[in-house]
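Counting from 0, one number per residue, gives the positions in the sequence shown under numbering that gives the first Met the number 0.
No wet-lab data here; the hints were simulated from the structure.
Just so you know, these numbers come straight off a predicted model, no measurement behind them.
Fair warning: there could be bad hints in the mix.
So the derived label-pair ranges between C-beta atoms look like this [what the hints assert, rightly or not]:
no.: 1; residue 1: 42; residue 2: 81; range: 37 to 45 Å
no.: 2; residue 1: 50; residue 2: 86; range: 41 to 49 Å
no.: 3; residue 1: 34; residue 2: 60; range: 23 to 31 Å
no.: 4; residue 1: 243; residue 2: 146; range: 33 to 41 Å
no.: 5; residue 1: 42; residue 2: 164; range: 26 to 34 Å
The beta carbon of each residue, even a glycine, is placed where N, CA and C say it ideally should be.
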Amino acid sequence: MNKYMVENKMKRWQKSYSPAVSLISVAVLLLIWEGICRAGVVSSLFLPPPTLIISALIDMIQDGEIGVSLAASLYRILLGFFLGSAFGLLVGLVTGTSALADRMANPIVNALYPIPKIALLPLFILWLGVFFPVAMNTYSGVKNVDTLLIKVAVSFHAGWGYTMRNVVLPYALPMIFAGLRIAAGTALLLLVAAEMIAAEQGIGALILHYGDLMITERLMAGVIVLSVLGLIFNLFLQFLERKLVPWNRKE
């Protein structure tokens, strides 16, 4: 058996057992957590056991509290993510392909990017948090396109739209999706911040409310919902990337 056969078998083994190992690790961590709380090492006021958190989460789902808060948060994050991503993608494409637009807009984007979003109006926190990672990654992806490919397209009298759609975008998509994944994580953080500042409903407002009341099991239930939301977004972006950028798939 040669070295390559051994490596292939190891890769197949890792793919087969990786999910099981992850589940076992999570289960062991939860058991240790539960044991520490039940033994009284840490007060449930500061760290409630997983069983108490799950019980609180079920109660909050049944009484509709999670549903109302999740609906408000989903509306904000989907609208903000769509608007921020669309505008960021547009700015990145234009500045990446036009020298004039690059000289005009890029200094503005670079100057505004470091500004703490928390200091801005809550309405714009989420939108701006999504815009900058998408715009800057799109710009970088477009700038890294092989100029020879563009010259070939131009030599065949391809229009701007055709060149963008069939040459620039496919080449830049991996960087664009990297920006979208960064923006998704940032959007969740900024969503919570915005809802804590100026919202009566939403997962962030719910977490703040129960934090003020020191009802930590319900606070942690809100954190779990937020974590699941982030996982779903990440899996959805991975699915889109596999469909739209199949040549960039990592084995």
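Taking the Cβ atom of residue 243 and the Cβ atom of residue 146, is their distance within the range 33 to 41 Å? At roughly 23 Å between Cβ atoms, residue 146 and residue 243 fall outside 33 to 41 Å, so the hint is violated.
Per the hint of 37 to 45 Å, is the separation of the Cβ atoms of residue 42 and residue 81 within bounds? holds, 43 Å
Could you say whether the range 41 to 49 Å given as a hint is met by the Cβ separation of residue 50 and residue 86? holds, 45 Å
Could you check the hint for me, namely that residue 42 and residue 164 are 26 to 34 Å apart, CB to CB? violated, 59 Å
The hint says 23 to 31 Å between residue 34 and residue 60; measuring C-beta to C-beta, is that right? The hinted range 23 to 31 Å holds for residue 34 and residue 60, with Cβ atoms some 26 Å apart.
In the structure shown, a violation is registered for the earlier hints numbered 4 and 5, in ascending order.
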